[in-house]
Amino acid sequence: MRLHANRIWPVLIGLILLNVLSAFVYTRIDLTADRRYTLSDGTRALLTSLPQQVHIDVFLTGDLPPGFKRLETAIQENLEESEAIAGARLSYRFVNPLSGSKTEQEQRLTKLAELGLQPTNLFANEGGTRTEQLIVPGAVVSYAGKQVGVLLLKGNKAATPAEQLNQSYEGVEYQLSSAIRRITQPVGSRRRVGLLFGHTQVPPERFSDLLATIQETYDLFLADLSKPGPLTDLDALLVLKPDRPFSEQEVYKIDQYVVNGGHALFFVDGQRVDSVSRDGTFAQPLDLGLNDLFFRWGARVNQNVVKDLSCAVIPLNVGNIGDKPNVQLVPWRFYPVLNSFGSSPITRNIDALYSRFISTLDTVQALGIRKTVLVQTSPYTSVLKVPALIAYNEARQQPDPKTYTSGTRLVSALFEGAFSSVFANQILPDSLAKTFRATGKPGGILICADGDLVVNDVDYKRKTPLPLGYDRFTRNQFANKDFVLNALDYLTDPNGVIAARARVVPLRPLDAIRVKAERVYWQGLNVLGPLVLVALVGLCWTFVRRRTYGRNA
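Once you know that position 468 of the sequence shown is 468 in our numbering, the rest is easy, because the numbers rise by one and skip nothing.
Do not rely on the hints blindly, as some may be mistaken.
Stated by the list, open to error - Have a look at the derived ranges for each label pair, beta carbon to beta carbon:
{"#": "1", "residue 1": "E80", "residue 2": "D287", "range": "55 to 63 Å"}
{"#": "2", "residue 1": "R475", "residue 2": "G87", "range": "37 to 45 Å"}
{"#": "3", "residue 1": "T110", "residue 2": "E248", "range": "51 to 59 Å"}
{"#": "4", "residue 1": "N320", "residue 2": "P119", "range": "35 to 43 Å"}
{"#": "5", "residue 1": "V504", "residue 2": "L367", "range": "29 to 37 Å"}
{"#": "6", "residue 1": "A418", "residue 2": "E114", "range": "43 to 51 Å"}
{"#": "7", "residue 1": "P401", "residue 2": "L115", "range": "38 to 46 Å"}
{"#": "8", "residue 1": "Q249", "residue 2": "G145", "range": "40 to 48 Å"}
{"#": "9", "residue 1": "D292", "residue 2": "R70", "range": "48 to 56 Å"}
{"#": "10", "residue 1": "E248", "residue 2": "K111", "range": "53 to 61 Å"}
{"#": "11", "residue 1": "R44", "residue 2": "G145", "range": "24 to 32 Å"}
Unchecked claim - With a Cα cut of at most 30 Å, we get these calculated DSSO-like pairs of lysine-lysine:
{"#": "12", "residue 1": "K157", "residue 2": "K253"}
{"#": "13", "residue 1": "K157", "residue 2": "K441"}
{"#": "14", "residue 1": "K146", "residue 2": "K69"}
{"#": "15", "residue 1": "K463", "residue 2": "K324"}
{"#": "16", "residue 1": "K463", "residue 2": "K371"}
{"#": "17", "residue 1": "K463", "residue 2": "K111"}
{"#": "18", "residue 1": "K461", "residue 2": "K241"}
{"#": "19", "residue 1": "K324", "residue 2": "K461"}
{"#": "20", "residue 1": "K385", "residue 2": "K434"}
{"#": "21", "residue 1": "K241", "residue 2": "K516"}
{"#": "22", "residue 1": "K253", "residue 2": "K227"}
{"#": "23", "residue 1": "K463", "residue 2": "K441"}
{"#": "24", "residue 1": "K481", "residue 2": "K111"}
{"#": "25", "residue 1": "K157", "residue 2": "K434"}
{"#": "26", "residue 1": "K371", "residue 2": "K69"}
{"#": "27", "residue 1": "K227", "residue 2": "K516"}
{"#": "28", "residue 1": "K241", "residue 2": "K69"}
{"#": "29", "residue 1": "K385", "residue 2": "K241"}
{"#": "30", "residue 1": "K253", "residue 2": "K324"}
{"#": "31", "residue 1": "K481", "residue 2": "K69"}
None of these hints come from the bench; they were simulated from the model. Ideal placement from N, C-alpha and C gives every residue a C-beta, glycine not left out.
Using the sequences and the hints, build the whole thing.
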């Protein structure tokens, strides 16, 4: 018996030392196949460099359905890991938005709504009774007297509720990390984005929502190509719905900016829709002088216009009721709703995009350039070459799917690599030849064949801009702004917090038919199985002890 005790003491001492050590050293091993508990390198770098205390209040808590409970658990696990990395500079708590008195609830919900966190009603059937529950699927990040709302229930609305919840599960790290970055970055240390100036007739208020949101994360500057000198000190260049041709000198500046490792986002049209007649509007070819530049990069914006059966609606007078016009919302196939995306962190789990009078985009051969599909139309499209009449009567007619045979067409793509200059092998003035580069550093370009994708609507009664992607007729919010912001994040810092959007947590749904048929069996196995296992282990342990110590006795 003394020998047995001598063996136990080292084990006990080791366990005590391990327990004491765990109080001072934190470690966690992620054994999941999808690395769901491991934060990306960009998030880790952000958390380790927090200058001051950041506090997060999460309002998705309480008596939640299983799917939302899983999302709440994912948020808590992410915050636990983040707190372990950031230390005392990050704190969090879960707050039930419906706690306290009715007055406190109303004040809290009003404040959350001001931060963009609208409450959501959940409906469910429990025991044959329809129940309703109010939740706030978001969080508030506080830093240095500032607050920003974070919507944590995000995904593609066309997906099933289970898929959308899983998409939100996958996006927890990115949503929280991007909010922390946005609120903690000092103005002088942020990345610099240039807005191309002087090539569009669209009034500034039609870009105001996008530009205001960009300024929350980036330092925004006007880039005027008419001024002497190259484009320098810019992390990205925005070209938003140009409708005036670029001169050769301006094309040269853009070319050299990209060749020298620049990043640019082009939202351009292949046609102009501005001539109005009694029967409709005319789509005319639009030549911006960028065709040769795009072709050298591996792209071609076609001069056409797309009709798509997956489309938005517009109000139209379809007749009269008595002496009053009968205005109804009817599908307008020249306003495609784009909900087909490629495999990229920019478009992963993103909601549908709202577009107007789009053209198609083709990719052509360009050595050393990697092309990634971002946005496509639905398979049911019809492509009209311009010039073409866009008749108002089109909306009144019932479409024939047999005539929409153009298939899925590319609308936006990403081009990455070391770009070659379109001015290579040309004779240049001495003032340009000294600094000219035919090939240069790796860069990235996004081209979207729809300039209206970045143009917000306006509330004409209040004379205020509406959010980008908001359809004032159906009151649906599309993901146009998310698409642009994700693209900016990716192009300016591909290894930053945007890398968290590549996380994949596959759904593993149960077989509903087998669950119903074998419910009693699996319930019994889960209840009785552990008890039987413990009993067997106890019997084996007793048998071994009797054989070992019975002989010594």
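Taking the beta carbons of A418 and E114, is their distance inside 43 to 51 Å? 47 Å, holds
Holds or violated: are the alpha carbons of K157 and K434 at most 30 Å from each other? 53 Å, violated
Decide if the proposed pair is consistent with the structure: K253 and K324, CA atoms, cutoff 30 Å inclusive. Outside the cut-off at roughly 56 Å; violated.
Is the hinted range of 40 to 48 Å satisfied by the C-beta distance from Q249 to G145? Since Q249 and G145 have Cβ atoms about 47 Å apart, the given range 40 to 48 Å holds.
Is the hinted pair K461 and K241 satisfied, with a Cα-Cα distance of at most 30 Å? 25 Å, holds
Could one say that the CB atoms of V504 and L367 fall in the range 29 to 37 Å? Taking Cβ atoms as reference, V504 and L367 lie about 32 Å apart, which means the hint holds.
Is it true that the CA of K227 sits at most 30 Å from the CA of K516? 72 Å, violated
If you draw a straight line from the CA of K463 to the CA of K111, is it 30 Å or shorter? The hint holds at about 24 Å.
For the range 55 to 63 Å, tell me whether the beta carbons of E80 and D287 fit it or not. Roughly 56 Å apart at Cβ, these two residues keep to the hinted range, so it holds.
Does the structure keep K385 and K241 at a Cα separation of 30 Å or less? This hinted pair holds, its Cα atoms lying about 20 Å apart.
Is it true that the CA of K463 sits at most 30 Å from the CA of K441? 45 Å, violated
Distance restraint between K157 and K441, which requires alpha-carbon spacing of 30 Å or less: 39 Å, violated
In terms of the numbered hints stated before, the structure departs from hints 12, 13, 16, 20, 21, 23, 25, 26, 27, 28 and 30, listed from lowest to highest.
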